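Engineer: Everything in the sequence shown is counted per the working numbering, starting at 1 for the first residue and increasing by one.
No wet-lab data here; the hints were simulated from the structure. Please read all numbers here as calculations on a predicted model, not as lab measurements. Ideal Cβ placement from N, Cα and C applies to all residues, glycine included. Each hint should be verified, as a subset may be incorrect.
Label-pair distances were calculated between CB atoms; the ranges are [stated by the list, open to error]:
id : residue 1 : residue 2 : range
1  : E273      : C471      : 30 to 38 Å
2  : L290      : R474      : 33 to 41 Å
3  : S20       : A199      : 32 to 40 Å
4  : Y462      : Q86       : 18 to 26 Å
5  : M494      : V223      : 28 to 36 Å
6  : F319      : Q441      : 38 to 46 Å
7  : K330      : A501      : 34 to 42 Å
8  : A501      : K176      : 45 to 53 Å
9  : Y462      : L290      : 43 to 51 Å
10 : L290      : K330      : 53 to 61 Å
11 : T192      : F319      : 28 to 36 Å
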Amino acid sequence: MELFLHYSLIPSFFIILVLSSLQRREHRRQRDDTSYLLGDHFGIIMPLDFVGTFSNRWSYGIAFGATANKVMFLFSEGYQPLQFPQWAQAFVLLIGGMEVGLSYFPFFACLSSEFRLVSSVLGFSYSLIWFAVTVLQISQCPHGQFVGSYETLVFYWPSLLCLAFLLGHFLHMFIKALRVHLGREPLAEEKTMLEVHQAEHVKRLLRKASPQENKKSWFETKVYEWDPCFQFPSRMIGTIVLAFICLYLFIIIEFCMFVYVREKMDVFEGNLESYAAFLNKTGTLNPIILQVKEMISVTKGVWKATILPASLTCVSYLFHILACYRKHMKRLWAGNKHFLPLKFHNPSSSESVVAIARYSGWQIAYILWGYLIIHVMQCLCGIMIMYGLVLPITHHKTLEMLRGLGLGVLTIFLVVGIMILQMWIASSFFLQPKLHTDDKQKPLALNNRKAFHNFNYFLFFYNVLLGLGACLSRLLISCILGTWLIARIDRTIMQSGYEAADMGFNAWIGMLYVDHYHTNPVLVSFCHILITSHRERKLQKAIKYWYLNQSTGPRISSRSKMRWLLLQTLINNPRLIMLRKSKSRHSSRDFTHILLTCSEC
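Start from the sequences and build out the full structure, keeping to the hints where you can.
Structural biologist: If you want it as structure tokens, here you go:
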């Protein structure tokens, strides 16, 4: 597959060259530029609009999903097309990423190209090549040493499914484009900058909500509320699809590593038993060997048991990130920035532009690393539960376990009870009565000051010991929350005032601001109204003067009309003459003399 990735650049460059030759440039360059000979051909191909693309979203998402296997190779730094010194590994990874991007570029270019007939043929052919090579890879090496039978199929079936979907989509594109070319279907309407859901969002803002719209079901209130006036951009759909597939592949790779480590641990257990039997036949080391074997067995069992909850946690994070994206975007559209830290109310424009490119890749990396960290944390918690509760029961030490558990729980209850007692004493004896009966709490005004100072003095020494436990609990809670939320790029795990040190959260905020400034429905609707009204005025003006051109006299060439309009413009604006470029100075003098003569006349 890596060898084919290198050779796939040849058809990839060919497809890019064909689509670029068909692409028209909007603005021609100057005559003295060497590219002027190309005319308006060979425009820049845009694979995907990462900001404002809302149509054909799932096709782009599936195209991202087809790259999952190569993304995992890049993530593990296992794909390095060139050999460089260790200090230049960053450049090697950059070159590898560029090569992977070029090899999959035709999928996105063919999906976004305006020339549907040509792009569908090229996209179908390129997808068929990748599909055939993937099937060949699975058929030649179906089995492996970790998963066993059909191990290659386990790794490649998501990409194979994505390629099959792209084949069907390009075939559908070809049939539809062919029917349009043959005149059996009308041409598609010109795409406007205002999407339908954006227009519906603005309409909903301008009308009063009916009582039926305010009624929500239990699912909409507790789980998720569907909004037909909001659509996720193609970038978010592609990121989530690729994150799902990469998470699946990462779990499979982790399971393979677990199988490998388990085999090594089984060999270690056998060697340990043989060594103990050889050194001491009296059975002195048997308890130590049993404890080691028990620890290995518990670790293996807990690790397998926590694969499912760790994976479900990360999957729930992916859905929750989409919900947070919609919630944050709606708040920004409404002008509400209070949910953001104060430092992020006016972010840097350059950082926001870079963030839109960083977000998708960083989100996938955060999910993968987050899964591994969450799995390790859940495994440690499971081992603690096994040694604290389960194993004492299996070893017939239930009374000792209950005694220790009771002492621990009683200690915690007493500490918490003393803290609550301090709050009750402070509220009952050291605060003045309420000013009004409707007040929720007493005013912050001290009462019984002498007793209050004695209360503080005698509890001072106890609170020193209590502060030690509070400090440790603070550290424990921070570690648990930090590791549990490490995969959440939409929420910072830094303390207040240090949010700027969280690069992932910076990328999230910058991405939100770019989408907010470029896809705000109110702003897009306003620009759409301006453009539409301008086009209508030009159309009305063209219709007004259309009848003047319908004379029965001799026809005048468009070139002569343009020259006459140019002459009239230069007569009215003589200063523009000096700014014009000409082939020779002589012709410029003659043309200037003619203009001056005409102006004197």
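Engineer: Each hint needs a verdict: does it hold in this structure or not?
Structural biologist: So, going through the hints one by one against the coordinates:
In this structure, E273 and C471 break the distance hint of 30 to 38 Å, their C-beta atoms being roughly 45 Å apart. Between L290 and R474 the beta carbon distance is about 38 Å. The supplied range of 33 to 41 Å therefore holds. The hinted window of 32 to 40 Å between S20 and A199 holds, with their beta carbons roughly 34 Å apart. A beta carbon spacing of about 57 Å between Y462 and Q86 contradicts the range 18 to 26 Å that was offered as a hint.
At about 29 Å, the beta-carbon gap between M494 and V223 stays in the expected band of 28 to 36 Å. Checked against the hint of 38 to 46 Å, the pair F319 and Q441 passes, with Cβ atoms roughly 40 Å apart. Roughly 28 Å separates the CB atoms of K330 and A501, a value that falls outside the hinted 34 to 42 Å. For A501 and K176, the Cβ-Cβ distance of about 51 Å falls inside the hinted range of 45 to 53 Å, so the restraint holds.
Between Y462 and L290, the C-beta spacing of about 44 Å keeps the proposed range 43 to 51 Å intact. The given range of 53 to 61 Å is respected by L290 and K330, whose C-beta atoms sit roughly 60 Å from each other. The hinted range of 28 to 36 Å is satisfied by T192 and F319, whose Cβ atoms lie roughly 31 Å apart.
When held up to the earlier numbered hints, the structure conflicts with 1, 4 and 7 and fits the remainder.
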